[in-house]
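Got chain R sorted already, so can you dock chain E onto it with the hints?
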Amino acid sequence: MIRVGVVGLGKMGLSHLSMIRAHPDVTVDAVVDSAGYILGVLSKYTGLKTFTDFEKMLESVELDAVVIATPTRFHAAMVRTALNGGLHVFCEKPLTLTAAESTELARLASARGLVTQVGYHNRFVSTFLEVKRLLDVDSIGRVTHVQAESYGPVVLKARGSTWRSKRTEGGGCLYDYAAHPIDLATWFVGDVIGVSGTVLNSIFSEDTEDEVYSTLYFADGVSGQLSVNWSDESFRKMTTRITVSGTQGKIIADRQEVQVYLRSTAPEIAGYQRGWNNRSTTELTDEVWFYLRGEEYSAQLDHFVRRAHDPTLPATNDFASAASTDRVIELLTLDAAAGPAVSFASSGSEAVTPARRRSFLGRRS
Amino acid sequence: MTTETGRASAVAAAAPLERLLFGDNQFFGINHRSEEKAREQAMRFHNLGAIMTVIDDAYDSGVRTLMCTTHDRVTEIAQRVRAQPERYEGFSFFPCMPYAHKYADAVTESGILGALGRFLPDEGLLNAMMRGGRSLAKKDIEGLITLLIDAEMAGFVGVRTPVIWLQNVVVDLLLGLGFTDAFAIFAKHVRSRYSAEPGFITMNLPMLLDHLERAGIENPLVCANINKIGFRMSGGIEAYQRALAQRQFRAVAMSVFASGAIPPREALEWIFDQPGIESIVFGASNRGHIESTVALVRECEERGRSSQNDRVGSGPAT
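If you read the protein sequences in the order shown, they are chains R and E.
First residue of the first sequence: 1, per the working numbering; consecutive thereafter.
First residue of the second sequence: 1001, per the working numbering; consecutive thereafter.
Chain R extracted, bound-state conformation (with noise of 0.2 angstroms):
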């Protein structure tokens, strides 16, 4: 059995709760959120046993690990409390607010020999785990491209009140939804090594930005495209879409199927034939021992959970890997603000470099 406490019980954390709770492998020993209201609830009606304090928490329960779901401005401090105190640690999305605090807390877990985790969940998702199968055995050739789109309905009008829409506290577009298009495109061309034209505009938001654009690069010559706007309203739900295109052929994936283009030049894949393909979740994804908001929530915990028995079993999105996204969300913030790198002056058609420099909103003043 893994003893976890689980800190913040906000959307992630209760959700996350309700599916560690249910692992036959875990018994959860604490509950930690700043709500009173929230914990008085899950005590009186769950039996859990509830902290308003983290580190009040650690000293009175014995622990294995911590899964942590508190805004992201506090993740860093608690991470680090954790590993100091020798528990393995599940964190979400994103780890910290810069890159350097993610990257020292991965060399400190490394040290501790502990496991980490971040909650990259669309790694998890059966048909962006084909994606990766099908690129690491080549089967589009040499990738050239990669577009990385994620749209949905979360800020649609100037309102909000949480964290969630304060940049300065990981709240934003950028934070919450575009993290996930460039883990994904990350994992499957490579580490991104520069970033141009980026754009962080608001559409409503008044302390952040609800859309993203940027230009990424890769090793190798490899290009892409990051696309995101969490104020799209067309898209019922988050939705995110990853075109890998090579000299092979070309594979559109999103949470559902995997349509993939395969030249008459392509490798031999099993199962595949030349031109189109399709393979849906239906029949790709594995069974869950609990299901709440989609197998790959789940999967995740549970690999996780099975880390922290056998730290030596290979990993999937830990604190190194998350690091590698905070550095990219850095170097977009810092492109952003440059503004464009090629602009006509203001009195005729007369190219100019640099631009003038916009605020990170992309508000031009």
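Taking lysine-lysine and the PhoX-like style, the derived pairs with C-alpha atoms no more than 25 angstroms apart in a straight line are: (1) Lys44/R x Lys1188/E; (2) Lys56/R x Lys44/R; (3) Lys56/R x Lys11/R; (4) Lys49/R x Lys11/R; (5) Lys157/R x Lys237/R; (6) Lys166/R x Lys11/R; (7) Lys250/R x Lys1037/E; (8) Lys1228/E x Lys1037/E; (9) Lys237/R x Lys1037/E.
Think of the hints as simulated: they come from the structure by calculation, not from any bench.
This is chain E only, laid out in the frame that chain R set:
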């Protein structure tokens, strides 16, 4: 069946469901296998008229129950049905609540407590505030749950709602948390206030049955994915089959075609080979699909009757 206005009656509530229930996923851009297909359907059913045409086709084929979300659009369907009682004689809604995305997006925007505040019912606000306020103060969840149920039911006044379902995302959240009391609170309120049978939708059937038993809910009405390929049947297809054969509950099968992964005949023949399935929820976007599904089901029923092995529809397994 329960009458529109009648009080709770154990006999009426336990009346068997119709064999086929019409689902509404196709009307709202929900498709588990394809985003493109989902978007096509969302476009096609943008107008209420297009939705009503399909519902009329279902009704005329003998499918007279709509198992539906509490989406605003469904409220409009309810208005149409209410306005033409002769056209829709015997038509029932089985509302499934809550419409989860509405809440999830509100939670992202306003936090959990802020979101709750936004969904209190408009009518009887004072009563709602009393119930809700007292609930918040006492950490007594009962008032809050009943308040949310009433808010979700507001659109179904004056139409038959003999069964009211709790959606899987909430059932399974509560299930994982071990919040078993909430099931009993839901069941009690649905029975007493709406004279309806409470139903529970889940992706974790075997585990839920244990908890419903603990909550004291006898012979519960439970809807779960039940299909030949075991798609989204957490706990495993064998555990589901054991539950169907051995546990006392009323099973409603959904996702029987696994979003099109199983050919219709094969899917339904398998369903009819399982014991204790009372009813099947299916979705279809046109008359042809509705009629062919109905015909296949009637054929399976007929074969079952003639082979004397019909355990489907013979009521709850005992």
